[in-house]
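All chains should be modelled from the sequences, with the hints used to inform the complete structure.
Chains as they are written, first to last, in our numbering: chain A, 1 to 137; chain B, 1 to 137; chain C, 1 to 137; chain D, 1 to 137.
Note that these hints are calculated values from the structure, not bench results.
The beta carbon of each residue, even a glycine, is placed where N, CA and C say it ideally should be.
Among the hints, a few may not be true.
[Said to hold, decoys possible] Part of the chain B face toward chain A, derived, beta carbon under 10 angstroms: (1) R24; (2) P57; (3) D64; (4) H117; (5) P119.
Protein chains: 4
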Amino acid sequence: MVFRVDRRVRFADVDAAGIVFYPRYFEMINACIEDWFEAGLGYGFDAMIVKGHHAVPLANIEVDFKAPSRLDDELAFKLVVNEVGRSSFKLTIKAWHEDEVRMIARAVLVYIDAEKHAPERIPEILRAKMLTFQEVT
Amino acid sequence: MVFRVDRRVRFADVDAAGIVFYPRYFEMINACIEDWFEAGLGYGFDAMIVKGHHAVPLANIEVDFKAPSRLDDELAFKLVVNEVGRSSFKLTIKAWHEDEVRMIARAVLVYIDAEKHAPERIPEILRAKMLTFQEVT
Amino acid sequence: MVFRVDRRVRFADVDAAGIVFYPRYFEMINACIEDWFEAGLGYGFDAMIVKGHHAVPLANIEVDFKAPSRLDDELAFKLVVNEVGRSSFKLTIKAWHEDEVRMIARAVLVYIDAEKHAPERIPEILRAKMLTFQEVT
Amino acid sequence: MVFRVDRRVRFADVDAAGIVFYPRYFEMINACIEDWFEAGLGYGFDAMIVKGHHAVPLANIEVDFKAPSRLDDELAFKLVVNEVGRSSFKLTIKAWHEDEVRMIARAVLVYIDAEKHAPERIPEILRAKMLTFQEVT
Numbered sequence: 001m002v003f004r005v006d007r008r009v010r011f012a013d014v015d016a017a018g019i020v021f022y023p024r025y026f027e028m029i030n031a032c033i034e035d036w037f038e039a040g041l042g043y044g045f046d047a048m049i050v051k052g053h054h055a056v057p058l059a060n061i062e063v064d065f066k067a068p069s070r071l072d073d074e075l076a077f078k079l080v081v082n083e084v085g086r087s088s089f090k091l092t093i094k095a096w097h098e099d100e101v102r103m104i105a106r107a108v109l110v111y112i113d114a115e116k117h118a119p120e121r122i123p124e125i126l127r128a129k130m131l132t133f134q135e136v137t
Numbered sequence: 001m002v003f004r005v006d007r008r009v010r011f012a013d014v015d016a017a018g019i020v021f022y023p024r025y026f027e028m029i030n031a032c033i034e035d036w037f038e039a040g041l042g043y044g045f046d047a048m049i050v051k052g053h054h055a056v057p058l059a060n061i062e063v064d065f066k067a068p069s070r071l072d073d074e075l076a077f078k079l080v081v082n083e084v085g086r087s088s089f090k091l092t093i094k095a096w097h098e099d100e101v102r103m104i105a106r107a108v109l110v111y112i113d114a115e116k117h118a119p120e121r122i123p124e125i126l127r128a129k130m131l132t133f134q135e136v137t
Numbered sequence: 001m002v003f004r005v006d007r008r009v010r011f012a013d014v015d016a017a018g019i020v021f022y023p024r025y026f027e028m029i030n031a032c033i034e035d036w037f038e039a040g041l042g043y044g045f046d047a048m049i050v051k052g053h054h055a056v057p058l059a060n061i062e063v064d065f066k067a068p069s070r071l072d073d074e075l076a077f078k079l080v081v082n083e084v085g086r087s088s089f090k091l092t093i094k095a096w097h098e099d100e101v102r103m104i105a106r107a108v109l110v111y112i113d114a115e116k117h118a119p120e121r122i123p124e125i126l127r128a129k130m131l132t133f134q135e136v137t
Numbered sequence: 001m002v003f004r005v006d007r008r009v010r011f012a013d014v015d016a017a018g019i020v021f022y023p024r025y026f027e028m029i030n031a032c033i034e035d036w037f038e039a040g041l042g043y044g045f046d047a048m049i050v051k052g053h054h055a056v057p058l059a060n061i062e063v064d065f066k067a068p069s070r071l072d073d074e075l076a077f078k079l080v081v082n083e084v085g086r087s088s089f090k091l092t093i094k095a096w097h098e099d100e101v102r103m104i105a106r107a108v109l110v111y112i113d114a115e116k117h118a119p120e121r122i123p124e125i126l127r128a129k130m131l132t133f134q135e136v137t
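Structure below.
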């Protein structure tokens with residue numbers, strides 16, 4: 001299963017050269033993961049982070065910027081799960097504009113106890129949900 | 001030679017969990033590269049992008065987040081050049097807090113004609129300046 | 001007629017105290033005005049600013065923050081026009097959460113030639129569209 | 001006494017029209033107040049908000065944008081206190097570029113218990129410090 005969020009490039013996203021300022025892509029990536037936790041996994045950031053004192057910080061991210069995006073471009077962010085370990089998991093997020101890939105992000109996140117800032121075993125129910133988004137390749 | 005910029009973690013940088021919100025790290029990375037172009041290479045973004053119609057978009061970036069940063073942490077961003085090709089160049093930027101590495105970014109940027117959005121040969125004078133920041137390893 | 005945009009408070013919007021970081025409200029206000037230009041007035045920022053070399057910078061804004069907003073709060077931004085002058089216009093934007101007003105912004109914007117950065121007469125067709133959003137009080 | 005912070009306009013601050021995107025001004029205003037609390041009042045946001053569970057949210061702000069700011073402009077933010085009440089206080093912050101005022105902000109902030117989100121009497125020691133920045137006019 002692929003998780004998809006649509007996001008249009010807004011004025012706040014573009015720089016003086018008229019293209020998306022890349023730190024804004026990371027906000028879009030973060031928002032995609034946030035939406036996936038809520039709508040895809042049923043465990044929103046308010047429940048997890050604010051009330052539950054857990055978090056899923058990035059351990060590593062690699063991003064390829066394939067082509068620039070401009071004001072008003074409609075982007076489709078598509079997220080799949082590559083791997084779910086004990087406390088970490090790997091995602092691939094691609095941003096498409098029509099049939100062109102604009103950006104490919106490969107991210108490793110870690111499920112942690114936010115108080116101790118220490119990795120914790122991903123709960124079974126969460127792992128099972130994550131695996132429904134795994135892409136078999 | 002290493003290019004260094006000091007940057008303190010401000011309230012705007014931290015999230016509800018009290019640690020740096022990672023899209024803000026990419027703004028810091030961008031600001032470090034911007035400062036390097038100006039103070040290190042003598043070719044500021046105003047001269048290059050706004051007046052000169054060239055740009056240096058990211059083609060690829062890989063970032064390791066080693067440890068979280070909190071409000072008021074003093075970070076030292078240290079930039080070195082790994083390689084300078086025909087139109088692209090590779091940088092490594094590490095963010096240190098005292099003797100702890102918080103973040104390591106490896107980035108590939110491309111020198112382009114911003115109007116055509118096409119790669120262009122890095123001018124010799126710029127290449128020579130870049131190479132003074134090359135780290136021999 | 002009232003122009004309305006719904007916007008949910010996302011993780012990127014909240015600060016270390018768990019409430020909306022106020023500079024983010026101004027991004028939301030800007031996005032509301034951007035959406036109004038496009039969907040309400042039929043003159044989007046890409047047509048106006050990027051291709052048309054006009055802009056509508058803020059001359060003045062006054063904002064009352066009535067109550068804090070938190071992660072996942074659904075906000076409804078409601079925009080009305082108060083007055084349309086020769087080159088400037090006044091708007092009121094209120095952010096509601098259910099039946100509670102969270103924020104009231106009163107803004108004066110100026111229609112300008114972006115190249116000269118000089119005020120220009122609002123075109124009649126644009127003025128007529130703006131007046132359809134005028135609130136009679 | 002006037003509290004002053006210098007801040008240069010960076011690439012991240014400007015929009016597609018090449019001028020400061022106004023939500024970024026509010027980040028600069030916030031950073032100025034944050035620096036004033038720390039360097040001017042000796043009560044930094046980490047001590048007050050993160051460790052002390054108090055906060056100083058904006059109740060009201062009015063901003064006049066006098067002239068646009070562009071990439072690399074050096075801005076001097078100058079803050080004075082207008083009034084200190086029981087739990088609220090009024091500030092004026094002006095952003096200067098050389099001898100031109102670019103922006104004037106008048107802000108009312110409230111000292112609150114962040115847990116209850118309720119106004120609290122400003123501690124005497126803090127009030128006394130604030131009053132050293134009062135401008136007699």
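Hint check:
1. R24: holds, 7 angstroms
2. P57: The hint holds - P57/B has a Cβ within 10 angstroms of chain A, the shortest such distance being about 7 angstroms.
3. D64: holds, 5 angstroms
4. H117: This hint holds: H117/B lies near chain A, its Cβ roughly 6 angstroms from the closest one there, short of 10 angstroms.
5. P119: violated, 13 angstroms
When the structure is compared with the earlier hints, a violation turns up for hint 5 alone.
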